[in-house]
Every structure is written in C-alpha cells, then in structure tokens.
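> Please build the complex by placing chain L with the ligands on the supplied structure of chain Y, with the hints as guidance.
Each protein sequence line maps, in turn, to chains Y and L. If you read the first sequence in the working numbering, its first letter stands for residue 730, the second for the next number, and so on. If you read the second sequence in the working numbering, its first letter stands for residue 11, the second for the next number, and so on.
Since the hints were derived computationally from the structure, they do not count as laboratory data. Think of the CB as a built atom: it goes at the ideal place given N, C-alpha and C, for glycine as much as any other residue. Watch out, some of these pointers could steer you wrong.
[As the list claims (entries may be wrong)] A partial selection of chain L residues facing chain Y, derived with a Cβ cut-off under 8 Å:
| no. | residue |
| --- | --- |
| 1 | C97 |
| 2 | M102 |
| 3 | K125 |
| 4 | P190 |
[Stated by the list, open to error] Below, computed lysine-lysine pairings styled on PhoX-like, alpha-carbon distance capped at 20 Å:
| no. | chain 1 | residue 1 | chain 2 | residue 2 |
| --- | --- | --- | --- | --- |
| 5 | L | K91 | L | K38 |
| 6 | L | K202 | L | K139 |
| 7 | L | K150 | L | K128 |
| 8 | L | K131 | L | K89 |
| 9 | L | K128 | Y | K850 |
| 10 | L | K139 | L | K128 |
| 11 | L | K139 | L | K38 |
| 12 | L | K99 | Y | K850 |
| 13 | Y | K850 | L | K254 |
| 14 | L | K139 | Y | K850 |
| 15 | Y | K850 | L | K202 |
| 16 | L | K125 | L | K99 |
| 17 | L | K38 | Y | K850 |
[As the list claims (entries may be wrong)] Anything over 10 Å on all C-beta distances counts as not near chain L; from chain Y, calculated:
| no. | residue |
| --- | --- |
| 18 | L732 |
| 19 | L765 |
| 20 | P776 |
| 21 | Y803 |
| 22 | L805 |
| 23 | I863 |
| 24 | Y933 |
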Amino acid sequence: MNLSYIATLMPALMQGLAQTLKLFALTLIFSLPLGLVFTLGSISRVPPLRWVSRIYIWIFRGTPLMLQLFFIYYGLPFMGLTFDRFPAAVLTFVLNYAAYFAEIYRAGIQSIDRGQHEAAKTLGFTPWQTMRYIIIPQTVSRVIPPVCNETITLVKDTALVTAIGVGELLKAAQGAVNRDVNITAYAVAALIYLAITFVMTMAYERLERYFSRHQKKEG
Amino acid sequence: MPILQVENVSKQFGSFEALRDISLTVEKGEAVAIIGSSGSGKSTLLRCVCNLEKVSAGQILIDGEALVSTQSGVVRYPKEKEIRRICMKTAMVFQQFNLFPHLTCLENVTITPIKILKQNKAEALANAKRLLQLVGLEDKADSYPAMLSGGQQQRVAIARALAINPDIMLFDEPTSALDPELTAEVTAVIAKLAAQDITMLIVTHEMEFARSVADRILFFEDGQIIGQGSSADFFDNQQNERIKRFLSGFQK
Ligand SMILES: Nc1ncnc2c1ncn2[C@@H]1O[C@H](COP(=O)(O)OP(=O)(O)OP(=O)(O)O)[C@@H](O)[C@H]1O
Ligand SMILES: [Mg+2]
Chain Y
730 MNLSYIATLM PALMQGLAQT LKLFALTLIF SLPLGLVFTL GSISRVPPLR WVSRIYIWIF
790 RGTPLMLQLF FIYYGLPFMG LTFDRFPAAV LTFVLNYAAY FAEIYRAGIQ SIDRGQHEAA
850 KTLGFTPWQT MRYIIIPQTV SRVIPPVCNE TITLVKDTAL VTAIGVGELL KAAQGAVNRD
910 VNITAYAVAA LIYLAITFVM TMAYERLERY FSRHQKKEG
Chain L
11 MPILQVENVS KQFGSFEALR DISLTVEKGE AVAIIGSSGS GKSTLLRCVC NLEKVSAGQI
71 LIDGEALVST QSGVVRYPKE KEIRRICMKT AMVFQQFNLF PHLTCLENVT ITPIKILKQN
131 KAEALANAKR LLQLVGLEDK ADSYPAMLSG GQQQRVAIAR ALAINPDIML FDEPTSALDP
191 ELTAEVTAVI AKLAAQDITM LIVTHEMEFA RSVADRILFF EDGQIIGQGS SADFFDNQQN
251 ERIKRFLSGF QK
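This is chain Y alone, in the form it adopts within the complex (with noise of 0.2 Å):
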C-alpha cells in the first residue's frame, strides 16, 4: 500500500462518494416526510387509508431491500415503467425508508401518554390540532435516536445499489480493485464509510442533547 497509488485512486472513489451522498440525501429528503404520512395514514380513523398504509409498510419492512431495487429497476419495465439506474435507486430507497420511518414515528406517537390526548381533547383541540400542536412535537424528541440509527443504517445500504450498477462508492472501489487486482481501494472505500458513520453519531449525540433538554430538571 502506498500513498501514491492511493492518490491515484482518489478521484474515481470521490466521484462514487458524491454519488453515495446523493443518494442518502435525496433518500432522505423524501422518506423523512414521505414516512410520517404513512404514519398518520396507518392510524387514521378512515379504514381504507389505514389497510393502505399498513400494507404498505408490511411490503416494504417485510421484503428485501435489494428485491425491492430489483423489482423497480428490472420488474417495472415489464409493466411500462421504465427508469434510469439512479432515479430506479432513488425511488426504491425512498419507498423503502418511508416505511421504516413511518414505523418509528407511529412508535412514538403511540408512546405518548393517553392523558395528552385527553387533555388537548379537554381544552377544546380537533384530533388533528392534538397531533400538530402536541403530539408530534413531543414525538420528534422520542424518535431523534431510532431514526438517527436508521440512517447510519442508509449509509451502508447505499451500497446495495451496486447491484444494479449504479456508479457510487462501492462500485468505485470494485472498479479499482478489478482493474489493478489490489484490494487498497477496499480499505479505503471502508475507511470512507467509517468517517461517515463516525461524523453522523458523534453529530447526533450532539442533536439528541438538544431535543431532550425539556426533559431534564434544570435544563
């Protein structure tokens, strides 16, 4: 191993690198939001809205996230759907998070005591003003950890894309490692996952600290 072969690597691994970023941002830009709007369906009051809900989560949470990937690269073309490698990876991700958040937040909603609900109901709140104003609020503090967990998790999923080709870090450093018949680019592409990962954790128990000051006497 030496630093100069490194150096040469480096271009084509950050190249996969902003490709792995995109990904996990734009997975969670949409499933972040997309996942409370299962949330709310799955416990809505009006049945169809929940069976459709809960269904889907039951699918996503329930099959492979690489199956899945699968599925809309390579099933959907059959049905007429056809997309690139990148927005197939996207969608997917997407999809599938959206149900593991949906399943984390409607946790916590559920983890909220009863007499929240009673109060606000009390003081004259529509059920949906109860979430907005009460609810969710408190909710958002309960699921900092469990959804900071599973993004660490989508870090390392966004590996999975390799599958279906799609040019991100782990493809890169495959790349390196077939063409030169030397496993460096391995070990750096893990050494890069790592840094991620560390900066993610050490970020979030910075953000956990935060939203959980209310709780503490003398905050």
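Chain L with the ligands alone, transformed into the frame defined by chain Y:
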C-alpha cells in the same frame, strides 16, 4: 338555568354499569364536591361531562345546551364540531396534571387561546400571565413542567383550564397524586376560585377540603348518588349508616 344538568345518565363498560341513572345539577357559582369509594363512578361522570367518554343513556346539558340527549332509547350526540363548542364550556383538571411537557408554563396556558380559540396574541399572553399570578406561579412562566413540583404543575394545569374561560371547572382528584405538603397549595388555589364564585364540580378524597370548599356534597356508591346535602349537613348531620361509615374511615 343550571350550568350543568345531568339527567338519568347511565354508562356501561361492556356489561359493567359504571353509572346507573345518575341525575344532578350544578348551579352557577356553586362548588359541588363528589365523594365516594374507589370505583364508584366519580371519574366516569366527569369524563362523560367533558366528552372523554360517551354515555350509554341519558341527557347532559351544559349551560342549557345538549351535549347528549336520549329519546326513546336512542342516544344522540351532535356533530363533532358542535360537541367541541359545547364542551369548551367545561374545563377539566386531571389527577395526573397532563401538562404539555414540550411547552413552558406560559405556553401551556396560552396555546389553547392562541392556536385553538384564535385569540389576539397580546391579549392571550396578558390573560395567561394574570392566571399564572392567580395560581401564584408568575415567576415560573418560562419554566418547563418537568422543572416544577407536582403541586406547582397542578396549579399550572388549573391556569391552563381557566384560560379557556369555562362556565364550569371539573376537577378529578386534583390532589391525589401529590404529597400531603403539596396538597395544601393546590386546595388553597381551588378555594380561592370558589371564593370568586367560579362554578366547580370536584371529585376528591380530601374530606376537609370538600367540607370547606364545597357548597354541596354528593356521595357516590356503585354508580349511583346515594346521599347528598349541604356541606355542613352532610358532614355533621349524616343519617345514612353507609355514608357515616365511609366518613369515619377518614377521621384522623
Ligand atoms: N375504560 C373503562 N373500561 C372498563 N371499565 C372501566 C373503564 N373506566 C372505568 N371503568 C370501571 O368503572 C368503574 C368506575 O370507575 P371510575 O374511574 O369512574 O371510579 P372512581 O369513582 O373515579 O374511582 P377512584 O376513586 O378510584 O378514582 C370502575 O369499576 C372501573 O373499573
Ligand atoms: Mg377516579
């Protein structure tokens, strides 16, 4: 016209009858205390009045408006929106306070007037400060509930309930979750409200408090009112053996 009229209300949980044909009225300015043993239906009655439970039969009128009525065996509630409007004439204070932990004390008091009643912000704020002062907590306005003692939390909950300017305040064992030394600060606030002729229906296990604050006492047993009277009469001239036994259990 009475502020609250409960007529022939029954409430079933499955096959269990928590309230059996209960009738009572609370007049404007009156403080009425409900006492009785555990499981006798006291909370259930309050919860029916503020629509946390639906009655199985009977009629509830708040300030003359029907929250629920029953005609030839059919229980009828108005539309949700109408229910909310009628129930906002009542305000409930819970045993467990149920303050909103993500909001400061001041915000707990202002959230309903501002977000739900769409009152002018400045007015709502001024009114909330006045209410916090009334319960003796103006200096805790910016604290979060978790930083307060139970007694202080309950006083904020009282201010929060008063902020919707209800016609009748409902208290469900407001001091039961409190240490004895904190009970006094809450009962003092409630006594202050009674002195201002705020209409109240109070469920309590504090006999001294009931005697001093309430104009009238209702005694619940097995989902029925088996005795009632003016405060002095009820405690000092009680004839009913069952109630006498209950009361003697509270003598220190
Ligand atoms: N949601 C419910 N489902 C089934 N049974 C219930 C429910 N709520 C109350 N009950 C029953 O109804 C009866 C009356 O309950 P309630 O809470 O009104 O009593 P209480 O007089 O307030 O008692 P306590 O002094 O212990 O608070 C009890 O036997 C209780 O178990
Ligand atoms: Mg009770």
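> Tell me, in ascending order, the numbers of any earlier hints that this structure violates.
4, 5, 7, 8, 11, 13, 14, 15, 17 and 23
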